[in-house]
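J.: Okay, here's what each chain looks like letter by letter:
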Amino acid sequence: MTRTEIRIGGLGGQGVILSGIILGKAASIYDGLNATLIQAFGPEARGSACSAQVTIADDPVDYPYVLNPDILVVMSPDAYTQFAPSLKPGGMLLYEEELVHIKELPEGVRAYGIGATRIAEELGRRLVLNIVMVGFFVGVTGIVSVGAAEKALLSSVPKGTESLNLNAFRRGFEHGRSLVGAA
Amino acid sequence: MTADPKGVLTGIHFLDGDHAACEGALAAGCRFVAGYPITPSTEVVERFAQRIPLVGGLFIQMEDELAASIAILGGAWGGKKVMTVTSGPGLSLMMEHLGLAYITETPCVFIDVQRGGPSTGLPTLPAQADMMQVKWGSHGDYEIIALSPNSPQECFDLTIRAFNLTEQWRVPVFLMMDEVVGHMTERVVIPEASAIEITERRWTAKAPGTYRPYDVGADRVPEMTKAGDGHRIHVTGLTHDERGWPCMTPKQQDKLIRRLSGKIRDNADALTDIREEGCEDADVVVVSYGITSRVASAAVLRARAAGLKVGHARLVVTWPFPAARIAALASKCKAMVVPELNLGQMVHEVRLAVNGRIPVLLVDHAGGTVHDPQVILDRIQEAAR
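Going down the list, the sequences are from chains U and H.
Here the first sequence stands for residues 1 to 183, where the numbers follow my numbering.
Here the second sequence stands for residues 1 to 385, where the numbers follow my numbering.
For the record, the hints were derived by calculation from the structure and aren't laboratory data.
Computed from a predicted model, the values in this text were never measured in an experiment.
All clues given are correct.
Derived DEER-like restraints, expressed as beta-carbon distance ranges:
1) Ala306(H) x Lys159(U): 46 to 56 Å
2) Asp59(U) x Ile12(H): 12 to 22 Å
3) Ser178(U) x Pro123(H): 37 to 47 Å
4) Ala306(H) x Glu107(U): 21 to 31 Å
5) Asp59(U) x Pro123(H): 30 to 40 Å
6) Gln82(U) x Ala366(H): 16 to 26 Å
7) Thr2(U) x Asp378(H): 26 to 36 Å
8) Asp229(H) x Arg125(U): 50 to 60 Å
9) Ile102(U) x Ala328(H): 56 to 66 Å
Chain H residues, not near chain U, derived (Cβ > 12 Å throughout):
10) Gln168
11) Glu197
12) Asp219
13) Gln381
Partial list, derived from the structure: chain H residues whose beta carbon lies under 7 Å from chain U:
14) Ile12
15) Phe14
16) Met184
17) Thr185
18) Glu186
19) Arg187
20) Arg294
21) Val295
22) Ser297
23) Ala298
24) Pro373
Quick reminder that beta carbons are idealized off the backbone N, C-alpha and C, glycines included.
Construct the entire structure; sequences and hints are all you get.
T.: Below you can see the structure in the form of structure tokens.
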């Protein structure tokens, strides 16, 4: 029985929840796995702390919350400060390297950074930084397949933005693959 | 009959429980919702308000929950399948019209996405603390049917069942969600309309002049008409006779109230839906419902891994309480454990059914999150000793 617990943290407006939706959808609709997404956000529409918890498993997910993630994805310094101590020993940290500065990490944690906001700006829309992070996640972890992630992405973003989002996904994906030394 | 394809969003979706419940209502044929949006139930009516113009029907945002809960009763007598949606503070305000729905035998569905209470409590966090209020919160003797989903898929499936049951029995039916189930997103499979069974209203075939709105046959459920179809009807919250006219004698009160409660009480076994797993040779049976059943499943797996013989009985129908089945389970095990997100509500019903034959251990929780599975495991281990 494989069960991977993921937490994605950032600020409201960064697309944290959409990132969780794309990963959960990719796993549960297109990869034939089970996925449960739990979201937490403040009352403000923008700028408050925001996080998504995604559990991906072979079997149906019973307990739905993520307390100690196997993988933590952070897009803001606050999310890093708040959630890094909860990472499982030997877990994985994926971070927006120009926004989050890593100090110390729990035992055995592997950390991978990407300038997702800068890449998104190069593509013309800072808004797609979350999609760069999703691509990065898939490139580094391989927990969902590229095909499933792209289908989930295309069915989740507004019409007319498909190629922009796909480019963002692929930039993140390629950077992730290069960091883990995949061919 | 099967569902009207206009309301059925056939496909495989990634939906939260609130949205899935809305799709269940649309698939079931609900075409009128009156609501006063309240966290954590807002997404149900938000989606309904967006979808219903495309399907054909109406959503009204009312001035408060009293108005919402009586507007749906008018909608039902106007011929629609109806629903309102709320959470604890709104549910308290709806209690008056719950009683009116019951005594007038108006088919209607209430969705309660439970949050921490009392009062304003915890707007964005879960509880299961309205379980007794829906059964006892309105005055007088009454019965309801309540369903407790534990996933977005069940929010869809059980909302359809709620609509079918309210048409079959003409009692208010509650979908007892909670904040976690409401805001949790998972795969939801919505079948083809032709695969969804729908219970139509018991429309009368009687001609105007011969129809009496509260005449009943052996099943004690009257036939219905709708305003404007030519039948004379009188619908009142007063104790009434077969014509619907006020008749406030002890004799008529006894006849009416016993008929109404008998519809549900005498059919409690037929309405029972318990998902039992590993109960046959269990020493300890965990009795759970709603979101807590998923946390209990995690605890049961750990207990079995530790060598304990533990069964799990999940109540899908929480009201009418399945007393006969719980008593039967209690005759075969040594103890029961009841986790719930309140300080002890359905555990009283379990204890009544068990009648002192075995210990019944409550795992309580004041709400705000779900149990730590370890706490349920500890109580299972205590019960097994």
